[in-house]
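**Student:** Here's the letter readout for the chains.
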Amino acid sequence: MTHEFSYHAPGSLDEALALLSEYGEKAAVLSGGTDLLVNIRAGLSRPEYVIDIKKIPELKALSYDPEDGLHIGACVTVNELLEYEPIAESFAVLYAAGAELATHQLRHRATPVGNIVTASPCGDMSSPLLCLEAEVVIVSQNSTRRVALREFITGVKTTVLAPTEIVKEIFVPPTYAGAQAGYQKLKRIKGHDLGVVAVALVKHNGSFRIGINSAAPTPLLLPDFAAGTPVEEVQKAAAKAISPIDDVRCTKEYRAFMVGVYIERLMKEVGA
Amino acid sequence: MKRVQFTINGDLYEREIHEHRTLLHVLREEIGLTGTKEGCGAGECGACTIIMNGVPINACLVLAVEADGTEIETVEGESKSGRLSPVQEAFDRHHAVQCGFCTPGMLMTIKDLLQRYPKPSREQIIEGIEGNFCRCTGYEQIIEAVLDATGQLEEKGEIKHA
Ligand code: FES
Ligand code: FES
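So the protein lines, in turn, are chains A and B.
According to this note's numbering, the first sequence is numbered sequentially starting from 87.
According to this note's numbering, the second sequence is numbered sequentially starting from 2.
Hint data in this document are derived by calculation from the structure and do not stem from the laboratory.
Everything numeric in this text was worked out from a predicted model, so none of it was measured.
Warning: the hint list may mix true and false statements.
Listed next, with one range per pair, are the computed distances between beta-carbon atoms [unchecked claim]:
(1) B/G55 <-> A/K112: 34 to 44 Å
(2) A/R132 <-> B/T35: 35 to 45 Å
(3) A/L130 <-> B/V56: 24 to 34 Å
(4) A/K354 <-> B/K120: 32 to 42 Å
(5) B/P119 <-> A/V246: 46 to 56 Å
(6) A/Y340 <-> B/K120: 49 to 59 Å
(7) B/K3 <-> A/L130: 43 to 53 Å
(8) B/K3 <-> A/D154: 21 to 31 Å
(9) B/K120 <-> A/L168: 15 to 25 Å
(10) A/D100 <-> B/L85: 19 to 29 Å
(11) B/K81 <-> A/L168: 41 to 51 Å
Derived lysine-lysine pairs resembling PhoX-like cross-links, with alpha carbons at most 20 Å apart [to be verified]:
(12) B/K81 <-> A/K141
(13) A/K354 <-> A/K322
(14) A/K273 <-> A/K322
(15) B/K3 <-> A/K140
Non-contacting residues of chain A with respect to chain B, defined by C-beta distances greater than 10 Å in every case (computed) [to be verified]:
(16) S92
(17) L148
(18) S149
(19) T189
(20) A234
(21) A325
(22) Y340
Where is the CB? At the ideal position from N, CA and C, for every residue including glycine.
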C-alpha cells in the first residue's frame, strides 16, 4: 500500500463518531477491510484517516429473537453469521448467499454490513436482505436513523450514508423467518470471482418474492408473485425490471438469459 | 508509526511500523519471513494466506497495526523443528509443488482445513482450497497429497474406497 494514512482504533462508538465528525470525508471506516484496502491499493480511495471500528464491542452484536428479529452488528463477519445457528435454521436465503460469498479466508474478514455499505451491484448479501425487508441502522454523533435497505443503496456503489455516519447494524424483521428460500449465483470460477449474476427467492404465506444481483445498477427486488404464478410470467416480469450490461465477465444477453434460468430452477427447487 | 507486538510461530516480535503497511509486507520485508507470498494483493489468489488467531486470512488485506496483539502462524512454522510437516512431506511425494508460489498459502489453508476436518473428503478438500489459486498443478496432486497425509490413500496412490 503506497498511500499513507493514520490509523485509529477507537474503543467506543462515541469515540468513533467523534473522529468521523471531526475528519468527515478525509476519513474511511475500516471493518473487514476486504473492499477498503483493495480500493486504497488501487488508488480509488485515498483517506487521510482510517478508523478501525473492530474494537467497539457493541458492533460485534449478533442476536435473533423470534419476536424481535435478527440484528447483525457492523463487525460481525460472514463466517460468524454462517456459524450462528438461527441463520441456517430460519434465514435460509442468507445462509445460502453467505456461503457463496468469495472465499473461506475472505469470509473470516468480510462483513455483511460492509457488503451492503460497498453497495456493489453484485454484493451477495443485498438481494437476500432485500427479500427479507432488512433495515439499516445508521448512527452519527447526534442522531440515529433507520433506513429500509431498498432506499439505502442508491446506485452503483453509492448509498445514503453521510461521511459522518456509521452503519451500526442490519436489522432483519422476523416476518420471513423460517421461509423456504434459495439462492443461485453464476460465477466463472468458484471462489475467485465476482458474481456474474445471482437470484434469490423467498417463499412466504401464499406468495413468493425474487431478488436479483448484478443485473441492474442496484440489486433489485421484484414485486411479490402469487404462489402458482407460471414461470414464464415471472421471467417476463424479471426481464422487464433488469437492465444488465456487457462487461469482462459476460454479455448483457447472457446475464438476462441466466436470470431466467435461475428463476426457473429456484421456483422448482423451492416449490413456488 | 505505531508500536505493535505479535507472536509469529510461537516467537514474540515487537516492531515500530508504518500504519498504512499491510501485515503481508511487514512479515516479508520487515520481519524477513518471506515464505508467505504476494500474488494479487487483493484477496483473490490466497498466496498470502496465514493463520491469525486461529483462522485463515489473506494477509494482503490486513493492516499490520490491526494484527497488534494477535497470534500468527505462517508457513515457516510448519517445519520449525527442522523436519517437514506430514502435509509438506505428502506435497513432496505427490509433486504438489511445481513453481511453489501458491504452496505456502495452500499449506496454511490446509492446516486450517485439517483442524476442522481431520479426514476431509475429496469434496471438502476442493471446497477448502477454493480461496487458493494454483496455476501449475491443476490441483489434482494437491488433493492427493492431502488425502495421503490424512491416511486416505492406498499404497499405489489409489484412492481408498470404503
Ligand atoms: S496476495 Fe493476498 S489474496 Fe492474493
Ligand atoms: S505450484 Fe505453481 S502456482 Fe501452485
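**Student:** Hints the structure violates: just list their numbers, smallest first.
**Tutor:** Of the numbered hints given earlier, those the structure breaks are 2, 6, 7, 8, 10, 11, 12, 14, 16 and 19, listed in rising order.
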